[in-house]
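> From first to last, the protein sequence lines are chains L and V.
Residues in the first sequence are numbered from 1 upward in steps of one, following the working numbering.
Residues in the second sequence are numbered from 1 upward in steps of one, following the working numbering.
Hints are all accurate, no fakes.
Here are the simulated lysine-lysine pairs, DSSO-like style, with alpha carbons at most 27 Å apart:
1) V:Lys227 / V:Lys241
2) V:Lys133 / V:Lys75
3) V:Lys133 / V:Lys72
4) L:Lys272 / V:Lys227
5) V:Lys133 / V:Lys103
6) V:Lys241 / L:Lys272
7) L:Lys28 / V:Lys290
8) V:Lys103 / V:Lys75
Covered by chain V, per the in silico footprint, the following chain L stretches (three or more residues, Cβ under 8 Å):
9) 8-18
10) 71-78
Because the hints were derived from the structure by calculation, they are not lab data.
Even for Gly, the Cβ is constructed at its ideal location relative to N, Cα and C.
The primary structure of each chain is shown beneath.
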Amino acid sequence: MAAQIFSAIFVIIVGVGGCVAYFWGANKLLDLIFPSRGVAGAAAVDNLRRQGLVRPWLFVGPALLILTVYLIYPVIETLRLSFMDRGGEHFVGFANYAWAFGDREFRNSILNNILWLAVVPAACTFLGLVIAVLTDRIWWGTIAKSLIFLPLAISFVGASVIWKFIYEYRGEGQVQIGILNAIVQYFGGAPQVWISIPFWNNFFLMVILIWIQTGFAMVILSSALRGIPEETLEAAVIDGASPFQIFWKIMIPQIWGTIAVVWTTITILVLKVFDIVLTMTNGQWNSQVLANLMFDWMFRGGGDFGRGATIAIIIMIAVIPIMIWNIRQANRETGGH
Amino acid sequence: MNSSGKSVIGRFGVHFAVLVFVVIWTIPTLGILVSSLRDKDQIIASGWWNSFSTSSQTGAGRLGTAADQVEKDGKFLIMGNLFEAGNAATLSAFGVRSQEPTKYEAGSVAELNDGVTLQVNEDGSYVLTSPVKFEGARGQRVYYAASTPPRFTTENYQTVLFSEGIGRSFMNSLTVTIPATVIPILIAAFAAYALAWMRFPGRALLIAVIIGLLVVPLQMSLIPLLKLYNGVGVFFGVPVKTYLGIWLAHTGFGLPFAIYLLRSYIAGLPREIMESARIDGASDFEIFVKIVLPLSFPVLASFAIFQFLWVWNDLLVAMVFLGTEADQIVLTAKLNALLGSRGGDWEILTTSAFVTIIVPLIVFFSLQRYFVRGLLAGSVKGG
Chain L
1 MAAQIFSAIF VIIVGVGGCV AYFWGANKLL DLIFPSRGVA GAAAVDNLRR QGLVRPWLFV
61 GPALLILTVY LIYPVIETLR LSFMDRGGEH FVGFANYAWA FGDREFRNSI LNNILWLAVV
121 PAACTFLGLV IAVLTDRIWW GTIAKSLIFL PLAISFVGAS VIWKFIYEYR GEGQVQIGIL
181 NAIVQYFGGA PQVWISIPFW NNFFLMVILI WIQTGFAMVI LSSALRGIPE ETLEAAVIDG
241 ASPFQIFWKI MIPQIWGTIA VVWTTITILV LKVFDIVLTM TNGQWNSQVL ANLMFDWMFR
301 GGGDFGRGAT IAIIIMIAVI PIMIWNIRQA NRETGGH
Chain V
1 MNSSGKSVIG RFGVHFAVLV FVVIWTIPTL GILVSSLRDK DQIIASGWWN SFSTSSQTGA
61 GRLGTAADQV EKDGKFLIMG NLFEAGNAAT LSAFGVRSQE PTKYEAGSVA ELNDGVTLQV
121 NEDGSYVLTS PVKFEGARGQ RVYYAASTPP RFTTENYQTV LFSEGIGRSF MNSLTVTIPA
181 TVIPILIAAF AAYALAWMRF PGRALLIAVI IGLLVVPLQM SLIPLLKLYN GVGVFFGVPV
241 KTYLGIWLAH TGFGLPFAIY LLRSYIAGLP REIMESARID GASDFEIFVK IVLPLSFPVL
301 ASFAIFQFLW VWNDLLVAMV FLGTEADQIV LTAKLNALLG SRGGDWEILT TSAFVTIIVP
361 LIVFFSLQRY FVRGLLAGSV KGG
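Looking at chain L on its own, in the form it has when it is part of the complex:
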């Protein structure tokens, strides 16, 4: 263990030192090869121009290299592997895709993912917006926001344990230590094994993600609400608008762009949701989702890379529209820069 701590510290020093050495050294080298000081005017200008051509690539070089190895190459390779067999050696055409759409578990995952996509972003955005509006009006709003924001710092696994404890089931008539069953029993209902009720268990898992992500929506939307000009709201009040009218007809249209951002961010997160399903049910009782199914196939029976890659591609296809929208949005903003 001491060796481990030592090696971690060593890596930090070597990693940071290496980065510094690279950037400083490469920059120095460039100045040496194309000196801009101490040479004749025309040559200096020429060298400055050459420096200007090379230097940006020295700066973005390491980042570009890592991005290529860890993200760009894998995306292309995953696409290729999705047309290959389990070992990634023989071309099988669309066989993996044909398998996927014929597979009961896969179709179940797709349906569940659609359910997640329909519920979680909407619920988070709606709750976040309501809480943002309400907390803006009270003196202890900041404390309230902090507490609702807090689950965002908790890992999905930690959150799963927290909620598993809430859903904990004991036989009927016994002392319930899970708070949900305790409440149900208090009101005379029969305790349930919540996470094993097909179809509805999806919602019990979604609650976990909603619990985590509402704080995110709330913070972003709250800041957007603050950005609405005070005069607009005052004018509405003077004109006799009710709080509900102000909310629906003034606030919502003003922050529409931000709502879209929150919605898409959570949508991407939902597509990738893995930890919660793995730790709560591992896909049992018809609660499977694509990301967990993909992980499963990566290692199931020694690993089937073809099928795993196919599932990854299908997740990616769902993300692409958001990706294009993001790039367009960003281009519009940086266009003038």
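Please arrange chain V on chain L, whose structure you already have, making use of the hints.
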């Protein structure tokens, strides 16, 4: 805004609604915090929300057998205690028939058959007296009602940290997280500066690629990287699952967001500062180190917090790129393993869960300002 909650009822409603939200959002975490501090027998005996009140329960026990009897003043006595040593429960009543478990008050002397008497005291100690010698191998069955005061302990923490391997995993998590947080910062900062302030062909395309990579699901990278790592492992004869491998992986996965976040901040720095420095003869490198880096401190802090939380809380990358042995398993993976192996042992699970979330919570609360700033910059500006 203040004028919209005009009526008293309306204002009360707002307070009440927010209170309801806060309670719902806080109770889950509170549940495991309280449970992790409870005695493990009490966790399964009553809900954690009852842990602050004295809990009363009924129980049954057996008195000592004939072998335990002593003779005193011509009478035969069996003495002992119904409770185990260290039990702080208070007995309120007892009985010898299951139909009347609380027939006699604690401390009173119950007349049983044939002149036999039984006295059970509040602390659980009892005296069974008989004029004739006791016989039989089985002790008399006794029923009782007892109340137990709330009892909190840090025993569970000692158990999970030192004998369940959570302490070791905590170190492993730190080993993964700190380098994986520090390394990307500098690499991203240089790239961000180049993308914000240097003109070169392909810049716009690079920015578009990075924004595109921002949303690429991690799942797309896993299989090729697993293959790549396996290949490297075989080729060089080195282990496949190493800390170096996961540090680099987290660096790669964190870079798009890092570059994006830093670029949008650095691009917003005042142009005049850069230009006057350039006129003074400063090179890009000097401008970056002496002006941009110090000015960017808030956004660097924001990113560091994000990356720290994301790496610390990650399960997927750790499960693919690290082993499951004690020397490599991180907290999240360990917690996941415990869910399988110690499924019903809530004293272990709640305590382990709390250990895994305590560091993010501290980071989060102490640096919330930077975290929120990063959140806003990361999603509102370009989104």
